[in-house]
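Guided by the hints, dock chain C onto chain P, whose structure is given.
If you want the building blocks of each chain, they are given just below.
Protein chains: 2
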Amino acid sequence: MPRTFRAAAAQMGPTQMGDARSHTLQRMIQLLENAARDGAVFVVFPELAFTTFFPRWLLDNSELDRHYEREMPNPEVQPLFDRAKELKIGFYVGYAELTSDGERYNSSILVGPDGTIIGKYRKVHLPGSVEPRQGSRFQQLEKRYFEYGSLGFPAFHTSPEFGNAIIGMLICNDRRWPEAWRVLGLQETELVCVGYNSAGYDPNGGSGEDAALRTFHSKLVVQANAYMNATWAIAVAKAGTEDGACLIGGSCIVDPNGLIVSEAHTLGDEFLVADIDLHLCRQGKDKMFNFEAHRRPDQYRMILERTKAIAPKMEGV
Amino acid sequence: MPRTFRAAAAQMGPTQMGDARSHTLQRMIQLLENAARDGAVFVVFPELAFTTFFPRWLLDNSELDRHYEREMPNPEVQPLFDRAKELKIGFYVGYAELTSDGERYNSSILVGPDGTIIGKYRKVHLPGSVEPRQGSRFQQLEKRYFEYGSLGFPAFHTSPEFGNAIIGMLICNDRRWPEAWRVLGLQETELVCVGYNSAGYDPNGGSGEDAALRTFHSKLVVQANAYMNATWAIAVAKAGTEDGACLIGGSCIVDPNGLIVSEAHTLGDEFLVADIDLHLCRQGKDKMFNFEAHRRPDQYRMILERTKAIAPKMEGV
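As you go down the protein sequences, you meet chains P and C in turn.
Per our numbering, residue 45 is the first one in the first sequence, and the count goes up by one each step.
Per our numbering, residue 45 is the first one in the second sequence, and the count goes up by one each step.
If we strip away everything but chain P, and leave its shape as in the complex, we get (with noise of 0.2 angstroms):
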């Protein structure tokens, strides 16, 4: 039985402290019309995509809660959700999340071509620090904006439109995590999405890295963690210049050889399209990383007794 079907990377362009949330709403429902012209049934959307990156300012929390979506969906952004529903399109994307108990947390889901939501994904490896950097124009709070996820890295069946492949998801800096992409692998996924905001050399900053340099790690994560998983990935930036800060583009759609099929070019709202070919995850799942026959978890103690980096005692010591 073949098991292909057609996704698409959106990635989407700066998104500035002052657009309207109905601005924003209109330039992902665009994409999501230009994916489904082209044939795509299933869309992915950056980390946090309905606003722009707020964990750089830091913000009073009158300021703060009208970032985050207190349920999803909700009306502001069921303009995306009805019309994906009317294309028969799935898609993922990321959103800050504020739960009754009053918890936040840098969220994704994935939502079915039905409009059903399949999964909720919580970002585990929150960057950044919970007290701003004195001097530093741009701030990266999300330790201080989000709790930790705590539901690990789920996997999600999901239906024959999408090839019943087992999707999982995973959100900016968690790419950076070989941990992460490991837990999906150990669940058969199949494809990986990774929503992501990612700055570059702030030329008014100074203390970045260069946005070269960092598109560069941004791929090479991506492709070798889905290579060494054997699964399909697709990578999407929220991009360019957002209230005066420089986003990295780069988003790429990865195959299970750790080859990227297709790749953006610009910094701006820009859709790749790609056939995915499940049963290309099969030779590595197989024969390379067949885990079961090469896995030796009994060696790998310390990934989980420590966290920290210790250096190795010195002899005699």
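For the record, the hints were derived by calculation from the structure and aren't laboratory data.
Take the hints with a grain of salt, since some may be wrong.
Just so you know, same-sequence chains aren't split out, so a pair can sit in one copy or run between any two.
Below 16 angstroms or equal to it, Euclidean Cα-Cα: the simulated EDC-like pairs (lysine to aspartate or glutamate) are [what the hints assert, rightly or not]:
1) K132 <-> D158
2) K187 <-> E147
3) K187 <-> E336
4) K352 <-> E336
5) K352 <-> E205
6) K352 <-> D342
7) K352 <-> D330
8) K187 <-> E175
9) K132 <-> E77
10) K164 <-> E115
Only chain C this time, still in chain P's reference frame:
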């Protein structure tokens, strides 16, 4: 204090089954001397550097045993140790180990500039099979000829000649397993040495992956895992057509950004040098990959709890 030293990758061309050990040693000493002339104080040789890659053949015990070292050093390999000590060069070298208890391992050692053995590693991720594949011209019988390494992935303090680097060792297929790199990263490893013998497409056999794709995979995993653990890496092939089988090249020296700073361009004996500035590890180890700040081991439990991949339960089943 500067913590920089010059290291070399000593790629080796093929070593045929019939080659005299003395001839192979002479080639290794030549590479050592060339590297020394270029100022290198540390040289990385391949996996199973003293012999052909004998696991490609089904051998009886009498044929098998001559490929193993019963102690290290021993009279046959002593000339390499002697010359390295004269030149005050340390090295990594891979070899087949036969212990006094009759256990067999695919091993490597780290040798200091004074000739002392600083550390030993025994390959954990043995590829291939115990039983020969019927109808294959070439076998991959590492699971038949070696025990699984059970020393974990130890990292070793070294001496001022190597900037007091903390050095770890992997062997061949290990480089495709992020768990191995992470255990080294969790020990503050600053340089990972990897020797390998990796088959490329066999034009006579037909079922392998093509050499260009395999070379891409080899570099990809070294680059990404070096980056994700903020360590230098030196990956070194035995390359070319050995006993009629094709081995990829692609030896490279990779910095903690995952960038290749030097790479091989042949499939023969070839050495590459690079200045290893250990301070370059700090950016990653202190910020992006500050494990203490960002790792979440409670979310990684599946990495130890299961060996094989298991699909998530179906809803309602």
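Verification of the supplied hints:
For the homomeric pair K132 and D158, the shortest alpha-carbon distance inside one copy (6 angstroms) is at most 16 angstroms, but the shortest distance between copies (69 angstroms) is not. With identical chains, the CA atoms of K187 and E147 are at most 16 angstroms apart within one copy only, with a shortest distance of 13 angstroms there and 50 angstroms across copies. Taking CA atoms no more than 16 angstroms apart as the test, K187 paired with E336 passes between copies only; the shortest distance there is 14 angstroms, against 36 angstroms inside one copy. Taking the shortest alpha-carbon separations for K352 and E336, only the inter-copy value of 4 angstroms comes in at or below 16 angstroms, while the best intra-copy value is 28 angstroms.
In this assembly of identical chains, K352 and E205 lie within 16 angstroms of each other by CA distance neither inside one copy nor across copies; the values are 43 angstroms within and 27 angstroms between. For the homomeric pair K352 and D342, the shortest alpha-carbon distance between copies (13 angstroms) is at most 16 angstroms, but the shortest distance inside one copy (19 angstroms) is not. For the homomeric pair K352 and D330, the shortest alpha-carbon distance between copies (11 angstroms) is at most 16 angstroms, but the shortest distance inside one copy (33 angstroms) is not. Proximity of K187 to E175 under the C-alpha cut-off of 16 angstroms is restricted to the intra-copy arrangement: shortest distance 8 angstroms within a copy versus 52 angstroms between copies.
Taking identical chains as interchangeable, the C-alpha atoms of K132 and E77 lie at most 16 angstroms apart only when both belong to the same chain, with a minimum of 11 angstroms there against 66 angstroms between chains. Taking the shortest alpha-carbon separations for K164 and E115, only the intra-copy value of 12 angstroms comes in at or below 16 angstroms, while the best inter-copy value is 55 angstroms.
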